[in-house]
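J.: The residues making up each chain are set out below.
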Amino acid sequence: MTGLQRAAREWLPPAGVIVAALLAWELGVRALRVPDYILPGPIATWQAIWQWHRAIWFNAAQTLYTTLAGFALALAGGMGLGLAIGYSTLVYRALYPLLVAFNSVPKVAIVPVLVIWFGIGTVPAIATAFLISFFPIVVNVATGLATLEPEWQDVLRSLGASRWDIFRKIGIPRSLPYFFASMKVAVTLAFVGAVIAETVASNRGIGYLMLSASARFEVPLVFAGLVVVALMGVVLFAAFSIVERRLTGWAYRGQVGIGA
Amino acid sequence: MPAGGRPADEAFVRFEGVTLDYAHDGRAVRAVEDISLSVRRGEFVVIAGPSGCGKTTLLKTAAGLVRPTRGEVRVGAAAVAGPLKIVGMAFQNPILLPWRRTLDNVLLPLEIVAPYRERYRREQAAYAARARELLAAVGLAGFEDRFPWQISGGQQQRASLCRALIHQPELLLLDEPFGALDAFTREDLWQVLQTLWMERRFTVILVTHDLREAIFLADTVYVMSARPGRLVSRTPVDLPRPRTLEDTFTPAFTATYHAIRRQVGEGRP
Ligand SMILES: Nc1ncnc2c1ncn2[C@@H]1O[C@H](COP(=O)(O)OP(=O)(O)OP(=O)(O)O)[C@@H](O)[C@H]1O
Ligand SMILES: [Mg+2]
Numbered sequence: 009m010t011g012l013q014r015a016a017r018e019w020l021p022p023a024g025v026i027v028a029a030l031l032a033w034e035l036g037v038r039a040l041r042v043p044d045y046i047l048p049g050p051i052a053t054w055q056a057i058w059q060w061h062r063a064i065w066f067n068a069a070q071t072l073y074t075t076l077a078g079f080a081l082a083l084a085g086g087m088g089l090g091l092a093i094g095y096s097t098l099v100y101r102a103l104y105p106l107l108v109a110f111n112s113v114p115k116v117a118i119v120p121v122l123v124i125w126f127g128i129g130t131v132p133a134i135a136t137a138f139l140i141s142f143f144p145i146v147v148n149v150a151t152g153l154a155t156l157e158p159e160w161q162d163v164l165r166s167l168g169a170s171r172w173d174i175f176r177k178i179g180i181p182r183s184l185p186y187f188f189a190s191m192k193v194a195v196t197l198a199f200v201g202a203v204i205a206e207t208v209a210s211n212r213g214i215g216y217l218m219l220s221a222s223a224r225f226e227v228p229l230v231f232a233g234l235v236v237v238a239l240m241g242v243v244l245f246a247a248f249s250i251v252e253r254r255l256t257g258w259a260y261r262g263q264v265g266i267g268a
Numbered sequence: 160m161p162a163g164g165r166p167a168d169e170a171f172v173r174f175e176g177v178t179l180d181y182a183h184d185g186r187a188v189r190a191v192e193d194i195s196l197s198v199r200r201g202e203f204v205v206i207a208g209p210s211g212c213g214k215t216t217l218l219k220t221a222a223g224l225v226r227p228t229r230g231e232v233r234v235g236a237a238a239v240a241g242p243l244k245i246v247g248m249a250f251q252n253p254i255l256l257p258w259r260r261t262l263d264n265v266l267l268p269l270e271i272v273a274p275y276r277e278r279y280r281r282e283q284a285a286y287a288a289r290a291r292e293l294l295a296a297v298g299l300a301g302f303e304d305r306f307p308w309q310i311s312g313g314q315q316q317r318a319s320l321c322r323a324l325i326h327q328p329e330l331l332l333l334d335e336p337f338g339a340l341d342a343f344t345r346e347d348l349w350q351v352l353q354t355l356w357m358e359r360r361f362t363v364i365l366v367t368h369d370l371r372e373a374i375f376l377a378d379t380v381y382v383m384s385a386r387p388g389r390l391v392s393r394t395p396v397d398l399p400r401p402r403t404l405e406d407t408f409t410p411a412f413t414a415t416y417h418a419i420r421r422q423v424g425e426g427r428p
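Residue numbers (the numbering used here), protein chains in the order written: chain A, 9 to 268; chain B, 160 to 428.
If you're looking for bench data, these hints aren't it; they were derived computationally from the structure. All C-beta atoms in this analysis are idealised placements derived from N, C-alpha and C, irrespective of residue type, glycine included. Hints may contain errors.
Computed footprint of chain A on chain B; a stretch qualifies when at least three of its residues, placed anywhere within it, have a C-beta under 8 Å from a C-beta of chain A [said to hold, decoys possible]:
#1 231 to 244
#2 251 to 263
Sample of chain B residues lacking proximity to chain A, with all beta carbon distances greater than 12 Å (derived) [stated by the list, open to error]:
#3 Arg189
#4 Ser195
#5 Phe302
#6 Asp397
Quick partial rundown of chain A residues pointing at chain B, CB under 10 Å, derived from the structure [what the hints assert, rightly or not]:
#7 Glu159
#8 Trp160
#9 Val163
#10 Leu164
#11 Arg165
#12 Ser166
#13 Gly168
#14 Ser170
#15 Lys177
#16 Ile178
#17 Pro181
#18 Leu184
#19 Thr256
From just these sequences and the hints, can you work out the full model?
T.: Rendered as structure tokens:
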């Protein structure tokens, strides 16, 4: 099979489904004469995107910024806390129930509190993105450490390695693929968090754009916002899937199972 | 190099009544029972026995990875209470770290064992040269930069042998290092190991379930019974060295083989 054929085999089915869905959507809207202020068709949506592309671009950039800022904080914090939890049973026992409780709280419920502390704007969006994407990173990194192969530990122990040596030489490298694997899940969550916070408490961002458009009954613009949100989500997920693949070449050789 | 100038008949390693029970489902499972044997400095001892008789367990007591339930192992003057830096161990599986290239896998002990670890940064080039030399000695020249999953099982086993030797241990513990290999590779590695040992004269305890391998390599062959592992025989092998594969078909070799077999048979209940 040539590279071209393989690419075709990989891309044709999803592309076909998307085209078919768009077609069905447009035809359905036309056949049933659904007005634009209830459900605009893809063409009307596209026209809205084109008409508002400056505003969309501006707000999408803002959302991207808050998403990535919150995600970066979550990466650093999640890696740190995950390693601490994986390293020390004491830290694990002390923090795990709290973390689970914290993760069970719907993050939308926290946004008003963030608004009280930080006011309307960028900070609550970054904070929400951070809060919502932090947990899966912690869990994944801790899992990587908790499932260290006893044989690897024996190799190091037989050399008289300390717990800290074992942590440095195999614990951290072993948890990295888990960390990378958690990134693509976490970045999608961070994005969701940022958009949610913007709809509740912001004057910028794609979430805010959609909310204000719906307040003005500019339904095609709402749908334009939805499409852009979906596209950004896919792009972020794909980008970090590639990052993961790049960074964990050996993990894909079946040496290590990847926790989701 | 270890062993230089010391009396050859000094007991370097002593197992004294080593018994080990594993706790399993709340019950004690006896893996090895009352093992006593001593190993001279520079001696090549092979312990042979059927699968599950406690060979790995016995080696782990010498490596300081598990404590005997009763009895003790002495290495040098002291009882083993934990891993010793003068010991190198190669495990039943190669267990190379998949994110390290072969060379870096071999260098691992030097990053951990004193006094090498303190000098590691300064001496890195010299250490790498030593690792390359060792890899070349086992036939892995040119494979230094491959990852473990890019080399064959036999090559991984060779690399694991290098890792056990790189910090120039006085005592080398080998757990069925060739058990999973095909006959050709296995016999090739017997010779590699024999050559290394004749050059460097470290003390070796190797466990195996292969009597031919045992006789080819050993100064002394011990045979263990099935679980719980007990010693059933001790046989000195005084075939001249270096031994060749042809030697394994000589009457002297075959006679030793049959003698050991017979003792094992008598040892059965
Ligand atoms: N961690 C453990 N917990 C409980 N039982 C164990 C444990 N490790 C080994 N055993 C048991 O102790 C016995 C001896 O095990 P060991 O691994 O030492 O055997 P072995 O001689 O090395 O076998 P093989 O040749 O198959 O490697 C076996 O019956 C095994 O089931
Ligand atoms: Mg074993």
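J.: Each of the hints needs a verdict: does it hold here or not?
T.: So, going through the hints one by one against the coordinates:
Under a criterion of three residues with beta carbons nearer than 8 Å to beta carbons of chain A, the stated coverage of the region 231 to 244 of chain B is upheld, 4 such residues being counted. Restraint check on the region 251 to 263 of chain B versus chain A: 5 residues with Cβ-Cβ distances below 8 Å, three needed, restraint holds. Every C-beta of chain A lies more than 12 Å from that of arginine 189 (chain B), the closest at about 21 Å, which supports listing it as non-interface. Distance check for serine 195 (chain B) against chain A: the nearest CB is about 23 Å away, which clears 12 Å, and the non-interface claim stands.
Every CB of chain A is more than 12 Å from the CB of phenylalanine 302 (chain B) (nearest about 16 Å), matching its label as outside the interface. Listed as a non-interface residue, aspartate 397 (chain B) keeps its Cβ farther than 12 Å from every Cβ of chain A; the least gap is roughly 32 Å. Taken as an interface hint, glutamate 159 (chain A) checks out: its beta carbon lies about 5 Å from the nearest beta carbon of chain B, inside 10 Å. Because the beta carbon of tryptophan 160 (chain A) sits about 6 Å from the nearest beta carbon in chain B, less than 10 Å, this interface hint is met.
The criterion of a C-beta within 10 Å of any C-beta in chain B is met by valine 163 (chain A), whose closest approach is roughly 5 Å, and the hint holds. A least Cβ separation of about 7 Å between leucine 164 (chain A) and chain B falls short of the 10 Å threshold, and the interface hint therefore holds. At about 6 Å, the closest approach between the beta carbon of arginine 165 (chain A) and any beta carbon in chain B falls short of 10 Å, and the interface hint on this residue holds. Nearest Cβ of chain B to the Cβ of serine 166 (chain A): about 5 Å, under the 10 Å cut. The hint holds.
Annotation: glycine 168 (chain A) was flagged as interfacial toward chain B, and the flag holds, the nearest CB pair being 4 Å apart, inside 10 Å. Among the interface hints, the one on serine 170 (chain A) holds; its C-beta lies about 9 Å from the nearest C-beta in chain B, closer than the 10 Å criterion. The interface hint given for lysine 177 (chain A) holds, since its Cβ lies 7 Å from the closest Cβ of chain B, which is under the 10 Å cut-off. Using the Cβ-Cβ criterion of 10 Å, the hint placing isoleucine 178 (chain A) at the interface with chain B is satisfied: the shortest such distance is roughly 7 Å.
Because the smallest distance between the Cβ of proline 181 (chain A) and any Cβ of chain B comes to about 5 Å, under 10 Å, the interface hint for this residue holds. With 10 Å as the threshold, the beta carbon of leucine 184 (chain A) comes within range of chain B, its nearest partner Cβ sitting at about 8 Å, so the hint holds. Residue-level restraint check for threonine 256 (chain A) holds (minimum Cβ-Cβ distance to chain B is 9 Å; threshold 10 Å).
Against the hints set out earlier in the document, no violation occurs for any number.
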